[in-house]
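Since chain A is already given, all that's left is putting chain B on it; use the hints.
In the order they appear, the protein sequences are chains A and B. Note that numbering that gives the first Met the number 0 numbers the first sequence so that position 53 is 52, with each residue one more than the last. Note that numbering that gives the first Met the number 0 numbers the second sequence so that position 61 is 60, with each residue one more than the last.
The hints are simulated quantities; they were obtained by calculation from the structure and are not laboratory data. Here a beta-carbon is modelled for each residue, glycine too, at the ideal position from N, C-alpha and C. Just so you know, not all the hints are guaranteed correct.
Distance condition first, Cα-Cα at most 27 Å in a straight line; then the derived DSSO-like pairs of lysine-lysine [unchecked claim]:
id : chain 1 : residue 1 : chain 2 : residue 2
1  : A       : Lys-37    : B       : Lys-41
2  : B       : Lys-82    : A       : Lys-91
3  : B       : Lys-82    : A       : Lys-84
Estimated spans, in silico, between C-beta atoms of each pair [unchecked claim]:
id : chain 1 : residue 1 : chain 2 : residue 2 : range
4  : A       : Leu-12    : B       : Gln-103   : 48 to 56 Å
5  : B       : Glu-48    : A       : Gly-98    : 41 to 49 Å
6  : A       : Glu-95    : B       : Leu-172   : 37 to 45 Å
7  : A       : Ser-69    : B       : Ser-55    : 18 to 26 Å
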Amino acid sequence: MIGAGVKRGTAELAVLSILEEGPLHGYEMARRIEEQTKGALRFTLAALYPMLYRMEQRGWIRGAWEISASGRRKRCYRLTPAGKKKLSPLRKEWAELYGALRRLTKVSHA
Amino acid sequence: MRDWETRVEQHLVGLALEPTERAEVIAELAAHLEESCEEWRKQGMTEEEAARRTLSEVEDWQNLRQRIQNARTKESIMTNRVKQFWLPSLLTLLLTMGLLMLIQLFGPNPWMVARKSGWTLVAPVAVVYLPWLLSLPVIGAMGAFLSSRAGGSRRAVFSSIVFPVLPYLVFFLLALPVMAIFNDRLAHNIMFGALFVGLFAWVLAPGAALLAGGLLAQMFLSRRLDSRRIVSG
Chain A
0 MIGAGVKRGT
10 AELAVLSILE
20 EGPLHGYEMA
30 RRIEEQTKGA
40 LRFTLAALYP
50 MLYRMEQRGW
60 IRGAWEISAS
70 GRRKRCYRLT
80 PAGKKKLSPL
90 RKEWAELYGA
100 LRRLTKVSHA
Chain B
0 MRDWETRVEQ
10 HLVGLALEPT
20 ERAEVIAELA
30 AHLEESCEEW
40 RKQGMTEEEA
50 ARRTLSEVED
60 WQNLRQRIQN
70 ARTKESIMTN
80 RVKQFWLPSL
90 LTLLLTMGLL
100 MLIQLFGPNP
110 WMVARKSGWT
120 LVAPVAVVYL
130 PWLLSLPVIG
140 AMGAFLSSRA
150 GGSRRAVFSS
160 IVFPVLPYLV
170 FFLLALPVMA
180 IFNDRLAHNI
190 MFGALFVGLF
200 AWVLAPGAAL
210 LAGGLLAQMF
220 LSRRLDSRRI
230 VSG
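The shape of chain A in the complex, shown without the other chains:
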């Protein structure tokens, strides 16, 4: 299980990555992230929405009310061009970080 601190840092990357696949509302977003990370990343409502609102303010995602197939109103989020642009350096940054940590742990276990 990944610790809470690291999860916080990966949260934005997780949201941007999942929205790259297509627009989603908050609950579905949390469900898919949990499913695709096999439970390693789990977003509660309290963790998810302040982050979504912050990302929306930054212009990375945009939310709009839509009517679902079940007739319910849901706020769907989609990636904006700025969000798409943000995704690739963010991925690179995290790949570098995990690469560095992998090398470090290998060295310390050698």
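The following block gives chain B in isolation, referenced to the frame of chain A:
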């Protein structure tokens, strides 16, 4: 079916947002909780159990209210472009120009670089304010710090650092050639020399000084941010 909107509204009393925005937040959170509760019900829980489990997603409503409020209001007071580019750029410009004016008013006298012909200086003459140039790295560092702290991209940080020399660049690349074309009194034989000397003294040298401080600060800040990210995630 539980009225999740009423519940959320009760928990988020004091959420200081515009009424429409507040209603949207409440509706969105209620929709999430409703869906979550239904999911637990599908897994065989009683309605009470499912509701309790759903509500456990929020341990501290007051904290959630505060975080939602911060996320939706603080960042909207100033747009990111203002925080990351315009504010640092205009501050560095103001400081750069203000300091130059003070030095011009109170001294010390500038260093004049020109060819000498007997006792007179021959144009083009470069006027270099050394104390001003020496202070520019600090101003550049301040621009980099403000832009970086606001989460500015590399381009925004770079632009904030060199912004004070842009007016001079525009003057030498646009205004001076235009003046040379339309003003007969300008001596055309010194134009190229004046252009290059001016570009060096007022654009390249101050730009390099601003960049020296700015890039150093940026390097230091990005290292500090990286180490903080590694520690806190």
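Here is how each hint holds up against the structure:
Of the pairs offered as hints, the one joining Lys-37 of chain A and Lys-41 of chain B holds, with about 20 Å between alpha carbons and a cut-off of 27 Å not exceeded. Of the pairs offered as hints, the one joining Lys-82 of chain B and Lys-91 of chain A holds, with about 25 Å between alpha carbons and a cut-off of 27 Å not exceeded. For the hint pairing Lys-82 of chain B with Lys-84 of chain A, the CA-to-CA distance comes to about 19 Å; that is within 27 Å, so the pair holds. Hint check: Leu-12 of chain A to Gln-103 of chain B, Cβ distance near 50 Å, so the stated range 48 to 56 Å holds.
At about 44 Å, the CB distance of Glu-48 of chain B to Gly-98 of chain A agrees with the hint of 41 to 49 Å. Taken as a hint, the range 37 to 45 Å holds for the pair Glu-95 of chain A and Leu-172 of chain B, whose Cβ atoms sit roughly 39 Å apart. Checked against the given bound of 18 to 26 Å, the beta carbons of Ser-69 of chain A and Ser-55 of chain B, roughly 25 Å apart, stay inside it.
When each numbered hint is compared with the structure, no violation occurs for any of them.
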